[in-house]
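Chemist: Let the hints inform the model, and build the full structure from the sequences given.
Sequence order for the protein chains is A and B.
For what it's worth, our numbering labels the leading residue of the first sequence as 1, then goes sequentially.
For what it's worth, our numbering labels the leading residue of the second sequence as 1, then goes sequentially.
Hints listed in this document are in silico derivations from the structure and should not be mistaken for laboratory results.
If a hint is listed, it holds; no wrong ones were tucked in.
Straight-line Cα separation of at most 20 Å, EDC-like style, residue types lysine to aspartate or glutamate; simulated pairs:
(1) B:Lys81 with A:Glu263
(2) B:Lys74 with A:Glu299
(3) B:Lys96 with A:Glu299
(4) A:Lys103 with B:Asp288
(5) B:Lys311 with B:Glu263
(6) B:Lys3 with A:Glu302
(7) B:Lys100 with A:Glu263
(8) A:Lys164 with A:Glu190
(9) B:Lys276 with A:Glu77
(10) B:Lys269 with A:Glu87
(11) A:Lys103 with B:Glu263
(12) A:Lys74 with B:Glu299
(13) B:Lys103 with A:Glu302
(14) B:Lys96 with A:Glu302
(15) B:Lys74 with A:Glu266
Number of protein chains: 2
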Amino acid sequence: MLKFIVKRSDFAKKLSIAAQAVGAKTIDPILQCLLFKPENGGINMYSTDMQTFVIARVETGEYEGNDMFAVDAKLLEEIVKNVDEEEILLNYDGGKLRVKSGKSAFSLTTYASPEKFPPIDIEESGVNFEIETSILHEMIDRVIFCASTETAMRALNGVYWEIKNGYLRLVASDGYRLALSEQKIDINAELDFIISLKSMKELEGLVSGASEPVLKISCDHKKVSVKAGDITTIMRVVEESFPDYKRVLPQAFKTRITFNKNEFLEALKRTMIISKRGNDKVQLEMIDNILKLSSISSEYGEVSEEVLIEKEGEDMTINFNPRFLNEAVKKVDEEEVVFNFVDDLSPMQINSRDMGGYMFIVLPVRA
Amino acid sequence: MLKFIVKRSDFAKKLSIAAQAVGAKTIDPILQCLLFKPENGGINMYSTDMQTFVIARVETGEYEGNDMFAVDAKLLEEIVKNVDEEEILLNYDGGKLRVKSGKSAFSLTTYASPEKFPPIDIEESGVNFEIETSILHEMIDRVIFCASTETAMRALNGVYWEIKNGYLRLVASDGYRLALSEQKIDINAELDFIISLKSMKELEGLVSGASEPVLKISCDHKKVSVKAGDITTIMRVVEESFPDYKRVLPQAFKTRITFNKNEFLEALKRTMIISKRGNDKVQLEMIDNILKLSSISSEYGEVSEEVLIEKEGEDMTINFNPRFLNEAVKKVDEEEVVFNFVDDLSPMQINSRDMGGYMFIVLPVRA
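Modeler: Right under this line is the structure:
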């Protein structure tokens, strides 16, 4: 038996973070469950897909009984989201979990052997540091879209974390483009590792929903744990080496242009009406203070657009996948965006005017 | 050659209605095009999927040239939606359509033989009447969700129009439920026909976007034309007979309950958390002034909910597909909803307290 009362708002929030770490259809049905377990005078809620582990302390008052139980995560999440009273009574007894709130009464089947729930090693070890929640959220948001979605490319199907010289740097790349974001942190140690894209998305969920202003992170070569108040996410490190990304960072630039972000994005959007019906290419032609964007579809026709620019260096013509430009430029959160070119075959660097601790690299395509 | 200037806001609205009548991937590429044709001192825009025909008068000033042309509908719609100036110049010449607005310039391929665009018979004949746009919109919205989506059931895969005794009545049914909506109109004739679900959805698009307060409708046994200002939609009638729906309308009721719409919908939503994981059934049990909703899933557990009711007649227990109840009750646009029961195997009637010219019939399921 285990009987306790929760507040809907707090419980729903924790449930939605914990339920994210639950796999879709899994072979072992216990991985679709949340485990509730009385520990250290309170109740902890566990979930895992064997790669990411989430532990949340449930805010309850007094509780009765001392049994643990495991119940389908998505089912409980949906019930708690939809009941209309703030107070919810959970009562596990005789293999059934009774959930009562207002005039709603559920009696849910629980998993027969909750003790089979995978054990989690929450011992803190290795490197420890703190970071502002909003800063880590921004850093993740700026790089995660560049990670490869091909799970077979294990090293690129994730985000590279590099702790060095008092900085935390996140890097993601799919081989055609790269995103980098860095932040000064109070730490002397050096450490680097890869976190899978799936774990990163779960971490993003935790970080974006967290009301704690500061996160406590501890990591070693095996795992990373991120603690936001009474919710901890533990992620297994991907055992691969990240490619030497510094080799693709351009050094000397021949041409640099600065332009209004929204004007560029609007012109690019219209160019993409043709390019997506054609060969998915946009040509950028920079002459004096005009950037001409153009695209051709043999079946549907062609388009040209003009954007005013400030230019330093030589005129030039270069081709890109428009989607890569669109996604990177959108992440520059200033009014003005800078493109830095070496030549028409070399990686191009995108940044804000003041550099602001992040940049994007995009490879051009052939004409 | 044909050259004219349009205003973006008016043109975009007409384009989106005309583009709706364009088929998805069709065998004949001209059916994916819009035809622009100078006629009677102005330019008309045509589109069709051979079942629905749309003719819109394009608001232009003076125009030059007298050629017609056909261009991909979705392409032009997307361009016009995305240009950022209000004035758009269209210039058809030498097989190309040039579209210019601000700093955007498109040159689009056109269809080689625009004269092959299917001819449309717009002669008005048969029965003519007028109806308020907002009223027809509401009538369509109240019945269209009950139409069968199985295209093989040609008679039910549409909406039945019945003009009789000075009323227009729309009826739709998928064999398990039925929706009926009626409105007094100023007409003496009698006529009935079926319009396909696809045409009805296009008509709904026209009616919901129309700024004209009154529609002009003319119909015969072959086609119906609905005119909203300078846009006309002509729909071919489905050559099938609609089943005799009056036979399923319940006559004498044994039990009638009245309840708050939102309270019921909230309770039903929670019941569906279990029923969708189970056998898709909800049991309604009416005892005194309590309606108990319950559902069982052999795998996940069970739920019970209570809703306060006003009851006339006997206590009763009856089972339904919860989705059918949910969709019908949502369409009752009053605070209170009435369920009328004959017995646990007969069709149940749903209506608002004051009846308001519409009702829904839902067949129960076996326990």
